[in-house]
Amino acid sequence: MGWLHEFLAAIQGTLRDVLPIALIIIGFQVLVLRRRIPNLARVLRGFLYVVVGMTLFLLGLHHALFPLGKLMAKQLTDPAFIYGVYGSVVAELQWSDYKWVYLFAATIGFSTTIAEPALIMIAKKAHQLSGGAISMRGLRMAVATGVAVGVALGCFRIITGTPLHYYIMAGYVMVIIQTLFAPRLIIALAYDSGGVTTGIVTVPLVAALGLGLASTIPGRSVIIDGFGLIAFASLFSIMAVITYAQLAEWWARRTRPAGSTEDLFVQVRRLSAHKATTPKDHKDEDG
Amino acid sequence: MRKISAFLAPVFESIRHLTPIIVVVTFFQLIVLRQPLPDLVGVLTGALLVVLGLTLFLRGLDLGLFPIGESLAHGFARKGSVWWLVFFAFALGFGTTIAEPALVAVATEAAVVVAEDGVIENTDSARAAYALGLRITVGLAVGVAIVVGVLRIIHGWPIQYLIIGGYIGVVTMTAFAPEEIIGIAYDAGGVTTSAVTVPLVTAVGIGLASSIKGRNPMIDGFGLIALASLTPMIFVMAYGMII
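Protein chains in written order, with this note's numbering: chain A, 1 to 287; chain B, 1001 to 1243.
These are calculated hints, taken from the structure and not from any lab test.
Predicted model, so just to flag it, every value in this text is computed and none were measured.
C-beta: ideal position from N, C-alpha, C; glycine also.
Just to be clear, a hint being listed does not mean it is correct.
[Unchecked claim] Residues of chain A clear of chain B, computed beta-carbon distances all greater than 10 Å: (1) D97; (2) L153; (3) G219; (4) E249; (5) W251; (6) R253; (7) T255.
[What the hints assert, rightly or not] Stretch by stretch, here's where chain A covers chain B in the computed footprint (C-beta under 8 Å, at least three residues): (8) 1164 to 1176; (9) 1222 to 1229.
[To be verified] Under the rule of at most 30 Å between Cα atoms (straight-line distance), these lysine-lysine pairs were calculated in the BS3-like manner: (10) K70(A) to K1079(B); (11) K1079(B) to K1213(B); (12) K74(A) to K99(A); (13) K99(A) to K124(A); (14) K1079(B) to K124(A).
From just these sequences and the hints, can you work out the full model?
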């Protein structure tokens, strides 16, 4: 009975999230566009799947992953654990004593990003639109690597207590420089993946890690130092996606026989521009 | 038989998406922290729900949310009225954000923090008013972001100029905003992009870019999410300066 009760409460939460969206869609479709929704039955089935799927997903996360992950973040940042690893009590912990924290930050950032539903969807779409030039796996690996580096560096910042905005500004400068040299096709997608990384699986665990660190290290304020891991994760995933595209382009140029001048991304642009003229059911596009 | 495998293939796909988390958590629990997994049955049931939920959710996006977003965008492009499109874009950004549970949570928490700092009175009504104001601010920010993003798709402006402009805005505001709002503002950028909003907004962008002549869905279709996670930082810091 406990489960059923919980399921009903959870589905109510999801409905509150989805209902405004449904109302806006229906409102504009019926009142402004005055057209019937194509494949109405299929769309409704899709909405049902979204609501039930989201509910089960969140319910499962709250039961299996979040309690365990949050407990881990707390235990790993606990000075007792860090002293215990060294077997002796040191007067003051150095930033380098937190090696397990860095490893946890990087691996949990990576693995939760791989499971992020919105990123899976974006990667699938980018794969279709680029005519296969952007691989789903490659893009998600790139974003996840960026998050891993970002969260680990963010932990280093909390431990050393250096101000957040210097890192953020340096990150912005880096992104702008990379943009100048990036293949045009990837820029918008790279910026978008910065926003997508901060999703429902990653945020709770990464936030717990930041708050755990800020509350156990003397002299850190939870309000001022506890935040910012998410901002790091977004910035670094933008950089990682641009780097991934540059590497892919470089690789394609290297392996292509000499004499052909058209680069990979020009080909893709031609392909997707062609596709753009025939917006059909996107199920047929990935052939 | 075929029906069963058609159902199982996406389930295995979901398991693959979730394998890295399972490996990481198990490694840290058993090898680094040297503790047994607590409540194994509960964890396994939870994991099963996660797999089922992810499978259904991704299928639902393909069947419902994505096609409807694209078809709305095509519909507006065919109608040809920029004003209706701008209105729709604003409603979409504002409406999906203001009710977002993650934003409600962050706003409530922020009000408590700010009240303890003595910026507002530490009463229930003052905190509720502050939290509501914060939610409306973020909603406006996302609404404006989607409007700007849609205009960008129509006119084919390069995304990088808008983003660089946004970065300059964030850095400038950071220099002037009160310190306690900065962390909240930077986080507000992240909470606006939920798993339901992202697919819908992306679908609208791609649908619009593919139904306007001369636009490329890869170059012009993406970018709405990036703008929607940038403007809240600027708007929230402005809110912190005004209050």
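Hint check results:
A cut-off of 10 Å between C-beta atoms confirms that D97(A) is not in contact with chain B; the least separation is 14 Å. Every CB of chain B lies more than 10 Å from the CB of L153(A), the least distance being 15 Å, so the non-interface label holds. For G219(A), the condition that its CB be more than 10 Å from all CB atoms of chain B holds, with the nearest at approximately 16 Å. The beta carbon of E249(A) sits about 14 Å from the closest Cβ of chain B, which is more than 10 Å, so the claim that it is off the interface holds.
With a least beta-carbon separation of about 19 Å from chain B, W251(A) lies farther than 10 Å from that chain, consistent with its non-interface assignment. The beta carbon of R253(A) sits about 19 Å from the closest Cβ of chain B, which is more than 10 Å, so the claim that it is off the interface holds. With a least beta-carbon separation of about 22 Å from chain B, T255(A) lies farther than 10 Å from that chain, consistent with its non-interface assignment. With 5 residues carrying a beta carbon less than 8 Å from a beta carbon of chain A, the segment 1164 to 1176 of chain B meets the three-residue requirement, and the given coverage holds.
With a threshold of 8 Å between beta carbons, the proposed coverage of the segment 1222 to 1229 of chain B by chain A holds, since 7 of its residues qualify and at least three are required. Proposed proximity of K70(A) and K1079(B) is contradicted: the alpha carbons are some 50 Å apart, above 30 Å. Distance hint between K1079(B) and K1213(B) is fulfilled; the C-alpha atoms sit about 15 Å from each other, no more than 30 Å. A threshold of 30 Å between alpha carbons decides the hint, and for K74(A) with K99(A) the separation of about 15 Å falls inside it, so the pair holds.
A hinted pair counts as satisfied when its Cα atoms are at most 30 Å apart, and K99(A) with K124(A) does not qualify at roughly 35 Å. Between the alpha carbons of K1079(B) and K124(A) the distance comes to roughly 29 Å, so the proposed pair stays at or under 30 Å and holds.
Hint check: violations occur at hints 10, 13; the rest are consistent with the structure.
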